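Enquirer: As a plain string of letters, each chain reads:
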Amino acid sequence: MGLITSLKARFKSMFRWFFKKDKMRIGIYGPPNAGKTTLANRILRDWTGDVIGSESEIPHETRRAKLREGVRIEVDGKTLTIDIIDTPGIATKIDFHDFLKYGMSEEEAKRRAKEATEGVIEAIKWLDDLDGILLVMDSAEDPYTQVNVTIVGNIEARGLPLLIVANKIDLPNASPARIKAAFPQHAVVPISALKGLNIDTLYRTMAERFG
Amino acid sequence: MEGVQLNLISKEKLERMSSMEKLRMILDSVKEGKIVVLESGLSPEEETKLIELTMLEIDHDNFVGIEVESYPPKESFFSKLFGKKSGRLTLIGPANRVKMLSKQKDIITAMVQLGDR
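Residue numbers (the numbering used here), protein chains in the order written: chain A, 1 to 211; chain B, 1 to 117.
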C-alpha cells in the first residue's frame with residue numbers, strides 16, 4: 001500500500017474511531033470452496049449458537065449473500081459487535097459441466113451455474129456497504145490467483161480494513177506461509193474453521209482490526 | 001490456417017481508452033474466441049467490473065467465462081507514495097480455451113487449446 005493510500009486509510013480509520021458505528025459490517029470474501037461459510041458458521045456457533053448456511057464440497061454452494069446482524073464477540077474484555085455477510089465465492093468463470101461430476105442433472109447444473117453468476121455480482125455489489133473484510137483463502141492452494149489479487153487490490157483501493165484468513169491449516173499440504181509471502185502487506189491469520197484451530201487468535205485479531 | 005487469434009494491445013492505446021471501452025473490447029474479443037494481451041493491464045476497479053460484466057454475459061453454452069492472468073504488480077517510488085500500482089502485462093482469454101499452468105514472479109505459463117475443452 002502506498003504512503004498516501006496508507007495515510008488515507010489511517011485517516012479513514014481515525015474517522016471511523018471518532019464516529020464509531022455501534023456495529024461493523026464485515027464481509028466474508030474469497031474464491032469458491034475456500035471455506036467462507038464454514039468460517040461464518042464457526043463464528044456464529046461460537047457466539048450465537050446457530051449457523052448461517054449449508055457447507056458443501058461442491059463449489060458455489062452459497063449463491064446468495066447471507067446477512068446475520070448483531071453478533072457480539074468478546075475477547076480479553078473487549079466487545080466487538082458485527083454484522084456478518086457471508087458472500088458467494090468470486091470467480092471469473094462458471095461452467096455448468098463442472099457440477100455434472102457431482103452427480104447433478106444438466107438442468108440442475110445449469111440452474112446452479114446461473115445462480116452462481118448472479119451470486120458473484122451480488123458479492124461484488126456488497127463491497128460498497130461494508131466496513132471491513134475477512135478474505136478467506138485455502139492454505140493448501142496457490143494463493144496467487146487472479147481472483148485473490150483482484151479482491152485484495154479492490155479492498156486496498158477502497159481503504160477498507162482487511163484481514164486475510166489462511167483457512168484449512170488442518171490439511172497435510174497446507175502452507176499459510178505461502179499466503180503471507182504472497183500478500184506481505186496484510187495481516188494473515190492461519191486457522192482451520194472446520195476444526196476450530198487457532199480460532200481464538202482470529203477473534204483477537206478481528207477485535208484489534210475491526211474494533 | 002487454423003489457430004487462435006492474439007490481440008496485443010499497447011500501453012499507449014490502453015491509456016487512450018476509457019474503462020468501459022477497454023472492458024467492452026476485451027469481452028467482445030474473448031467471446032469470439034480471441035486472446036487479448038494488455039501491455040499495461042487493468043486497475044483493480046476495472047478488473048472487478050470485468051468480472052461483473054463477464055458474469056452477466058455467461059450463457060452456459062458458448063461462453064463460460066474468462067481466464068485472466070497477470071504478473072504481480074510492481075512497487076515503484078510513485079506507487080509507494082500514491083498507492084497506485086502500475087498494471088503489468090495481462091493475458092485474458094476464454095476460460096474453455098486458456099488454462100494457466102503455473103505462475104511465478106516473472107513467468108506465467110499458460111496453455112491455449114485450439115478447440116473447446
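The set of hints was computed from the structure by calculation and includes no laboratory data. Please read these numbers as outputs of a predicted model, since none were measured by experiment. It is possible that some hints are incorrect.
[Unchecked claim] Looking from chain A toward chain B, a few residues come up when the C-beta cut is under 8 Å (computed):
1. Met24
2. Arg25
3. Ile90
4. Glu115
5. Thr117
6. Ile121
7. Gln146
8. Gly153
9. Ala157
10. Leu160
All C-beta atoms in this analysis are idealised placements derived from N, C-alpha and C, irrespective of residue type, glycine included.
Enquirer: Look at each hint and say if it fits the structure.
Expert: Each hint tested on the structure:
no.: 1; hint: Met24; verdict: violated (22 Å)
no.: 2; hint: Arg25; verdict: violated (19 Å)
no.: 3; hint: Ile90; verdict: holds (7 Å)
no.: 4; hint: Glu115; verdict: violated (11 Å)
no.: 5; hint: Thr117; verdict: holds (4 Å)
no.: 6; hint: Ile121; verdict: holds (5 Å)
no.: 7; hint: Gln146; verdict: holds (5 Å)
no.: 8; hint: Gly153; verdict: holds (3 Å)
no.: 9; hint: Ala157; verdict: holds (5 Å)
no.: 10; hint: Leu160; verdict: violated (12 Å)
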